[in-house]
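A.B. asks: The task is simple: from the sequences and hints, build the whole structure.
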Amino acid sequence: MPVDFLILSQSETAAAAVDVETLLASITIFVLAIFVGWQIITKIPPTLHTPLMSGSNAISGITVVGALIAAGAGAFTFAKFLGFLALVLAMTNVVGGFFVTHRMLAKFRRRD
Amino acid sequence: MTAAWINLAYLLSAALFILGLIGMTRPRTAVRGNLMGSIGMLIAIVVTLFEQRVLSYGMIAAGLAVGAGIGGWLAVRVKVEQMPEMVALFNGFGGAASFLVAGAEFSASAFPTLDQSIATSLSGLIGAVTLSGSLVAFGKLAGLNVMNSLKPLPMQNAVNGLVAVGVVALAVFMVLNPQHVALYWLIVLVALALGYFLTISIGGADMPVVIALLNSYSGLAAAATGFVLQNNVLIIAGSLVGASGLILTKVMCDAMNRSLPAVLFGTLGPTGDTKSADEVYTTVKATSAEEVAMLLDVARRVMIVPGYGMAVAQAQHAVRDLMHALMDQGIDVQFGIHPVAGRMPGHMNVLLAEADIPYDLLKEMDETNSAMEQTDVCLVIGANDTVNPDARTNPKSPIAGMPIINVDKAKTCVVIKRSLSPGFAGIPNPLFAAENTLMLFADGKEAVLDILTAVKEG
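If you're matching them up, the sequences are chains Z and L in order. Residue 62 in the numbering used here sits at position 60 of the first sequence, with consecutive numbering throughout. Residue 273 in the numbering used here sits at position 160 of the second sequence, with consecutive numbering throughout.
If you're looking for bench data, these hints aren't it; they were derived computationally from the structure. For every residue, glycine included, the Cβ atom is placed at its ideal position computed from N, Cα and C. Be careful, since some hints might not be right.
So the derived label-pair ranges between C-beta atoms look like this [as the list claims (entries may be wrong)]:
#, chain 1, residue 1, chain 2, residue 2, range
1, L, Gly256, Z, Ala108, 20 to 28 Å
2, L, Phe224, Z, Phe83, 18 to 26 Å
3, Z, Thr24, L, Gly256, 41 to 49 Å
4, Z, Ala108, L, Val278, 45 to 53 Å
5, Z, Phe78, L, Pro374, 45 to 53 Å
6, Z, Gly76, L, Leu155, 23 to 31 Å
7, Z, Ala108, L, Met268, 44 to 52 Å
8, L, Lys509, Z, Thr30, 44 to 52 Å
C.D. replies: If you want it as structure tokens, here you go:
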């Protein structure tokens, strides 16, 4: 193999086999979600572009799900510590993001 | 709760995110849309607490409380004028959370599969670029003093290229040697440097593009983390945000007639063919608030075109008062908004909405331009490059071909500006010397208040 020289130590890591079916399902979801996002977001008027950014930004805080799992580990490990940091940052992003978006959007309500 | 129920709940979350975005397509339903998104997030958080891998809740409670506290506090305190930097900051936090989660998973799992290793390296790379890039953008938008001492390196583009190649090489190396967790953190470090380098040389009017691009990255980082965790709700939410940011990036680039590489790596400035300011500004006519009030008194249609200068002067409330005074006299008042006016997509709209100016008076560029020839008085407040007719008429101009608001086609154009200093493009603006243009040299807010006083007295 031409890449052999890049492998630091062969011994312990016959990396676990890729679960091709799961991976394909994930990629399918990824591609379809991008199409859905593209279709919806092109319809959002420029006047709402700032709230769109802050609102979608809050949605990207979905990483909080991963942070919860890492921070909820039983033993105190480095991974658990990272999870805690991630949890704080992701929650800041989620709560702050949805909140400022609400503040902005409330100003766009039509006043009758 | 079994894995199946948890995954069904995640599906519900994802559906709520999509419905939330659909709600955002109209101002009337947007508040509800945002609410649906936040409910989706709440569901995702609550069901994750039932995950069998979640064993201890002490850290979780602390993390949730601290994060929600900081986020809520920032969101309540921020002024609308500070919105661009706040969006940049939150964006950076999202990117950081993504690479931290990927790092935690990577250091905890002894034998990652090949696809997980690839996703982990991507999450580290994109997440770290998002964090440092967003922090630089935050510093610039907030006008932090420390940003003045941070200058681009000589040959910055060459350095960027080298760092980018380096980080990709590291990523390949890590994927081939997944047992060395330290490699991941090396990728994160180099990617942090890359994000810093890429944004440090970008300034002013190019900021909307960069913010939109970083927005997209934060989504892609979350999606990559979704591949690491094999979690579909992360993949769906991340790719929705990734698509959103990419669209905004494209809209911003189109509105400047520049390509994304030109914004990221190019320079914008006077070329050899650019006329000097002295040549252009031979016939500039200065005016007074009283004279503008007299013009407005006999006008039937008024178009107000704001730019970043209005945000700096925080003139939006004064502008609203002037709008009401004019409307009371039966004058038709509208606002013409250029897509890249300000420092983030939709910046002007948010400022004007905050001042309680109805959003249906805010017109997009095309509509503004088709109304311009019937406009008696066009009031330009703190805009420059976005109203420079050179973009339309002078093919040699550095901004040639950029779509502009044709304020020069109004019967009279009044430009409120503190001086004749150039805008971001660094070129003189022939509009200021045009026959039908009057210059009102003053701070945006004071000038508008003076006009308002004169209108009410007249």
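A.B. asks: If a hint holds in the structure, say so; if it does not, say that too.
C.D. replies: Going through the hints against the structure:
1. The hinted window of 20 to 28 Å between Gly256/L and Ala108/Z holds, with their beta carbons roughly 27 Å apart.
2. The hinted range of 18 to 26 Å is satisfied by Phe224/L and Phe83/Z, whose Cβ atoms lie roughly 22 Å apart.
3. Taking the beta carbon of each, Thr24/Z and Gly256/L are about 48 Å apart, inside 41 to 49 Å as hinted.
4. For Ala108/Z and Val278/L, the hinted distance range of 45 to 53 Å is satisfied, since their beta carbons lie about 47 Å from each other.
5. Between Phe78/Z and Pro374/L, the C-beta spacing of about 46 Å keeps the proposed range 45 to 53 Å intact.
6. In this structure the hint that Gly76/Z and Leu155/L lie 23 to 31 Å apart at CB holds, the actual value being about 25 Å.
7. About 48 Å separates the C-beta atoms of Ala108/Z and Met268/L, a value consistent with the hinted range of 44 to 52 Å.
8. For the pair Lys509/L and Thr30/Z, the supplied restraint of 44 to 52 Å holds, since their beta-carbon distance comes to about 50 Å.
Taken one by one, the earlier hints all hold for this structure without exception.
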